[in-house]
Every structure is written in C-alpha cells, then in structure tokens.
Amino acid sequence: MNKLYIFLKYFFIVVWTVFVVAPFLWALTTSFKDFQSVNGGVTYIPWFDFEPNLEGWKVLIKSPAKGGVDIIEPYFNSMFVTCTASLISIILGTLSAYALSRYTFKAGFVKNNDITFFFISQRIMPPIVLSIPFFLFLSSINLLDSLTGLIVVYIVLLMPIAVWIMVDFFNKVPREIDETALIDGCNPYQAFLKVVLPNSIPGLIVAGMFCIIFGWIDFFFAFILTFTEVQLLPVKIVALNSSVTPWWSLSASALVSVAPLIIVAFVVERYLSKGNLSGAIK
Amino acid sequence: MNFKHKYFFLFPGLFVLIGILIFPIIFVVRLSLSGWNSYNPGLDYIGLENYIRLFTDDPRFWESFFRLSFLSVTTVILQYVIGFALAHMVWKDIKFKRFFRVLFLVPMMTTPVIMTVIWRTFFHESLGPVNDLLSVFGVAPKWLTDPVIAKFTVIIVEVWQWTPFMFLLLLAGLLSLPKEPFLAAAIDGASPVRKFIYVTFPLMAPISIGAIIIRLIEASKIMDTVYVLTSGGPGTSTETSSFYIFIKGLREFQMGYAASMSFTYLIIMIISLTIIAKVLTKVLLKE
Numbered sequence: 001m002n003k004l005y006i007f008l009k010y011f012f013i014v015v016w017t018v019f020v021v022a023p024f025l026w027a028l029t030t031s032f033k034d035f036q037s038v039n040g041g042v043t044y045i046p047w048f049d050f051e052p053n054l055e056g057w058k059v060l061i062k063s064p065a066k067g068g069v070d071i072i073e074p075y076f077n078s079m080f081v082t083c084t085a086s087l088i089s090i091i092l093g094t095l096s097a098y099a100l101s102r103y104t105f106k107a108g109f110v111k112n113n114d115i116t117f118f119f120i121s122q123r124i125m126p127p128i129v130l131s132i133p134f135f136l137f138l139s140s141i142n143l144l145d146s147l148t149g150l151i152v153v154y155i156v157l158l159m160p161i162a163v164w165i166m167v168d169f170f171n172k173v174p175r176e177i178d179e180t181a182l183i184d185g186c187n188p189y190q191a192f193l194k195v196v197l198p199n200s201i202p203g204l205i206v207a208g209m210f211c212i213i214f215g216w217i218d219f220f221f222a223f224i225l226t227f228t229e230v231q232l233l234p235v236k237i238v239a240l241n242s243s244v245t246p247w248w249s250l251s252a253s254a255l256v257s258v259a260p261l262i263i264v265a266f267v268v269e270r271y272l273s274k275g276n277l278s279g280a281i282k
Numbered sequence: 001m002n003f004k005h006k007y008f009f010l011f012p013g014l015f016v017l018i019g020i021l022i023f024p025i026i027f028v029v030r031l032s033l034s035g036w037n038s039y040n041p042g043l044d045y046i047g048l049e050n051y052i053r054l055f056t057d058d059p060r061f062w063e064s065f066f067r068l069s070f071l072s073v074t075t076v077i078l079q080y081v082i083g084f085a086l087a088h089m090v091w092k093d094i095k096f097k098r099f100f101r102v103l104f105l106v107p108m109m110t111t112p113v114i115m116t117v118i119w120r121t122f123f124h125e126s127l128g129p130v131n132d133l134l135s136v137f138g139v140a141p142k143w144l145t146d147p148v149i150a151k152f153t154v155i156i157v158e159v160w161q162w163t164p165f166m167f168l169l170l171l172a173g174l175l176s177l178p179k180e181p182f183l184a185a186a187i188d189g190a191s192p193v194r195k196f197i198y199v200t201f202p203l204m205a206p207i208s209i210g211a212i213i214i215r216l217i218e219a220s221k222i223m224d225t226v227y228v229l230t231s232g233g234p235g236t237s238t239e240t241s242s243f244y245i246f247i248k249g250l251r252e253f254q255m256g257y258a259a260s261m262s263f264t265y266l267i268i269m270i271i272s273l274t275i276i277a278k279v280l281t282k283v284l285l286k287e
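Chains as they are written, first to last, in the working numbering: chain A, 1 to 282; chain B, 1 to 287.
If we take Cβ atoms under 7 Å as the criterion, some of the chain A residues that face chain B in the derived model are:
| # | residue |
| --- | --- |
| 1 | 26 |
| 2 | 27 |
| 3 | 42 |
| 4 | 93 |
| 5 | 95 |
| 6 | 123 |
| 7 | 124 |
| 8 | 126 |
| 9 | 269 |
These are computed hints drawn from the structure, not numbers from a lab. Glycine included, C-beta positions come from ideal geometry on N, C-alpha and C.
Kindly produce the complete structure, drawing on both the sequences and the hints.
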C-alpha cells in the first residue's frame with residue numbers, strides 16, 4: 001500500500017514535470033533550428049537530428065531594417081509600465097491596507113470589510129468591460145497609445161492585489177508595536193514609516209512580486225490601448241506570431257521574454273517555505 | 001488613536017481607484033443605451049433597444065457565455081485536483097523538494113500569450129512534436145482546427161498555465177495548518193488515505209473555497225489564450241464572452257451594443273460567482 005503510494009507519487013511528479021518542461025524544451029531546441037529542420041519533418045535532438053545554429057538568437061539584437069525582430073524597446077516599455085504601476089499600486093495599496101487593518105471605518109452600512117471587499121472585488125471586473133470606456137476615454141484625452149495611459153489602467157489591475165495581500169499581512173503584525181511607537185512620542189505617520197513598514201518588508205516583497213507578475217503578464221489592455229507608438233512585449237510577440245516570423249526567431253524571442261520572471265519563482269518559493277504567504281488566502 | 005489620521009491613510013488609494021473606475025462604469029451604462037457604431041458615433045439615446053436585441057436576438061452571445069462557463073469550470077476543477085495533488089506531494093519531505101516547488105511555480109510566471117505562441121507551434125498539425133509522437137499510434141488530432149478538440153487544446157494550455165497558481169495557494173494553505181490534528185491521527189494509526197479524508201481535506205476546506213473562487217474569477221476572463229491559440233475558431237467553437245464582446249466592440253465598432261453586452265456580462269458574473277461561493281461554502285464546510 002505504502003509502496004504503491006510512493007510509486008504513484010513519483011510517477012505523477014515525473015509526468016507533471018515533463019508536461020511543465022516540454023514547451024520550454026521545444027522552444028529552446030526550435031530556437032537553434034534552420035528552415036530545413038523546422039519544415040522538413042519534426043526534429044528534436046541538436047547535433048543528432050539537426051545542426052544547431054544561432055540565427056534565431058542573432059535576430060534579437062539586429063535592427064529591424066536588417067531583419068531583426070526589434071523586441072528591445074518593447075522589453076523596456078514593459079518593464080517601465082509594470083514597475084511604475086506596481087510601485088504606485090503598492091504605495092497607495094499599502095496605505096489603504098494599513099488604514100483598513102488598524103482603524104475602524106463606518107459610513108452608514110459600509111464598514112471595514114465592505115471597503116476591503118470593494119478593493120478586492122475589482123479583480124472580478126472583466127477587462128473587456130473596462131476596455132471599451134477606457135478606449136474612448138483615453139482617446140478623448142490623447143493618452144491612447146501612450147505609456148501613461150497604460151500605467152493608469154494597470155493601477156486598477158494591481159491595486160486590489162496589493163490591498164488584498166497587505167491587509168492580511170498587517171493583521172498579523174501585532175498592534176502593540178504601533179502603540180508603543182505612539183506612546184514613545186511618534187505621530188501616526190512616523191509610527192507607520194519608522195516602525196510598521198520596516199516590520200512589513202516580507203509582506204511588501206510578496207505584494208510587489210504579485211503586482212509585477214500580474215502586470216508583466218497582462219496582454220489584453222496593452223493590446224487594446226496601444227498600437228504603434230508604444231508596444232509592450234506580449235503585444236510585440238503576438239504581432240510577430242501573426243506575421244511571417246520564422247519559428248526559430250519566434251521561439252528565441254519568446255524565451256527571452258518569459259525569462260526574467262522565472263527568477264521571481266525562486267523568490268516566491270523562498271517566501272512560501274518561510275510561511276509568509278499563508279495569511280493571504282484565508 | 002487620533003480620528004483624522006485614518007482618512008489620510010485610506011483615502012489616497014480609495015479615491016484613486018474610484019477616480020479611475022467611476023467614469024468608465026457610468027459610461028458603460030450610458031453607452032449601452034446608445035446606438036454608437038462606426039457610422040454613427042455619438043451618445044444618442046435609444047432606450048433599451050440594445051438589451052432587447054441581446055436577450056431576444058443574439059444566440060451567439062449566450063453560446064459564447066455557456067462555452068466560457070464550460071471552459072472555466074472544467075479548467076478550474078482540473079487545476080484544483082492537480083494543484084492539490086502536487087501541493088500535497090511536495091508538502092512533506094521528498095527529494096529535491098525545493099527544486100520541484102520552484103519548477104511547479106514557473107508556468108504562472110510566464111506570460112500566457114507568449115507561451116501560447118509556443119503552444120501553437122507545439123500543437124502544429126504537421127510540424128509540431130505532439131502529432132509527430134502520436135503518429136506512432138497512427139492518429140493525428142487536429143488540435144487547433146477541429147471544433148471539439150480545439151476546446152480541449154484551450155483547456156490543456158490553461159491548465160498548464162494556471163495550475164501553479166492553485167498549487168501556490170494550496171501549498172501556502174497546507175504549510176499553515178496546525179500540527180496537532182496530524183499528530184492525533186498518527187497516534188490513532190490512521191492510513192494515509194484516511195488521514196487525507198478526515199484530517200487534511202476538512203482543514204483545507206476554507207482555503208480550497210478561497211482558491212477556487214480566486215481561480216474562477218481569473219478563469220472567467222479567458223480571452224488572450226483563445227485569441228492567440230485559435231482566434232475563437234474554428235468558426236466560433238472556442239469563442240468566449242469577452243472575445244465576442246471584443247469583436248463586436250473593438251473590431252466592428254458597435255460600441256453601444258458591446259457596452260450593453262459587457263454590462264450584462266458583468267452582472268451575470270457577479271451573480272453567478274456569488275452563488276458559486278455560497279454553494280461551495282455550504283458543501284465544503286457542511287454548514
């Protein structure tokens with residue numbers, strides 16, 4: 001019985017590992033292929049099945065005039081939009097979360113939990129519902145196809161995540177530490193900045209990572225609200241896909257585009273194993 | 001504590017969010033009562049005409065909605081089962097625990113549309129590895145162009161992409177469980193299966209509800225994967241609500257009608273998610 005369980009367990013883990021790794025391996029091998037090894041039947045193993053070459057990777061740094069794919073600018077655009085929107089969301093979200101965790105609010109029938117729910121419930125909003133008014137709204141103030149317009153929209157996407165994680169986190173930070181700080185003569189802002197924030201760094205990192213993940217992987221808003229002036233990475237790659245880009249350069253640019261956030265997986269795992277994520281979900 | 005300070009903490013975030021959102025939402029409602037399209041852009045007032053058309057004369061919207069429900073419920077159930085199994089397996093000590101934990105998280109860090117571009121080549125009917133390997137068995141499914149199989153391709157890609165999120169939430173839950181019930185079960189000599197049914201699963205019920213609801217919310221937005229993988233095709237066989245609204249609104253520029261659809265869609269989403277949350281709470285917590 002126990003042996004069977006252990007066998008099944010490892011079997012399942014191996015199957016899932018293969019499934020997770022398969023598309024990456026496929027893209028990695030494809031990125032070293034040439035015309036013959038893509039179109040003349042499926043090939044798998046470099047040197048054995050086909051002769052690898054670096055053509056797919058070279059186009060990444062070539063200028064578009066020489067047949068390059070030109071993903072460097074979208075790369076920086078994506079980073080800039082994601083980081084700025086995450087930073088603003090974290091700052092505003094943390095302040096609100098702190099208020100919701102420490103003070104009592106009451107306006108009619110609206111209480112703390114309702115306000116928290118209002119923040120988090122913004123995730124329910126289907127992007128399509130917002131995209132049409134945003135499209136018309138941003139075009140009326142000339143922010144369509146601009147980084148500023150995207151950042152504004154991304155704040156709506158990311159602030160709920162920041163509030164959600166930080167409210168739970170602050171609830172776990174003992175109230176005594178702010179009360180001690182207040183008794184020691186800090187005003188509430190000093191208490192927050194000098195005492196509560198330094199004690200909340202793990203929470204801030206977790207919230208930051210989630211904001212960066214969900215900002216970085218968004219495609220929909222970037223796709224609808226930008227055209228040619230600014231392009232974000234996912235939109236660029238999809239555009240490559242619908243043009244006649246060969247598979248090898250497509251695979252290489254896709255791999256380069258998903259690479260940076262894989263580092264985030266290591267950070268998430270660290271915090272997960274330390275138990276810093278447990279509060280967020282309850 | 002002082003009374004006034006709390007507003008200085010709360011209001012910046014709250015007002016920024018409301019400020020960004022209030023205009024679009026009011027505007028969607030107003031737009032849905034107008035006949036704004038590419039010939040006639042403007043906020044005229046045509047009453048409930050759009051809604052009447054939607055409820056009486058547009059089976060395509062309702063089909064796309066049921067398709068969306070099918071896709072999101074199926075993927076979330078699969079993600080939950082697989083995610084729970086994976087989380088349970090790397091919860092206690094196994095070899096290379098941290099390696100597997102990181103590896104199982106990786107797909108959710110990758111941009112869905114970019115991975116979908118790779119999946120497209122992966123499932124390519126003549127040049128992709130899947131059909132090449134399946135040709136050993138003499139079958140060659142049309143992964144992207146068969147109306148039935150294409151749905152399963154979407155499900156496979158979604159499960160690959162988002163099971164890690166379920167895994168993350170459930171593993172975080174498992175790691176936060178108290179130790180005492182497990183010690184008690186071990187003293188009683190409970191078998192692993194019984195331990196799971198009577199101890200682990202009930203303790204995980206509230207976390208499970210949370211994780212399922214979060215994933216359902218996100219899954220109900222399925223659109224970009226579909227857009228890249230099949231463009232809603234073949235025909236309309238993988239078209240979801242969001243995608244259909246997108247076509248009407250931003251491709252055919254029937255803004256007014258698209259607004260009425262998106263408002264209806266939003267209301268249905270809120271109602272059905274509330275019902276699902278209530279039912280899940282009842283079933284899993286046996287209240």
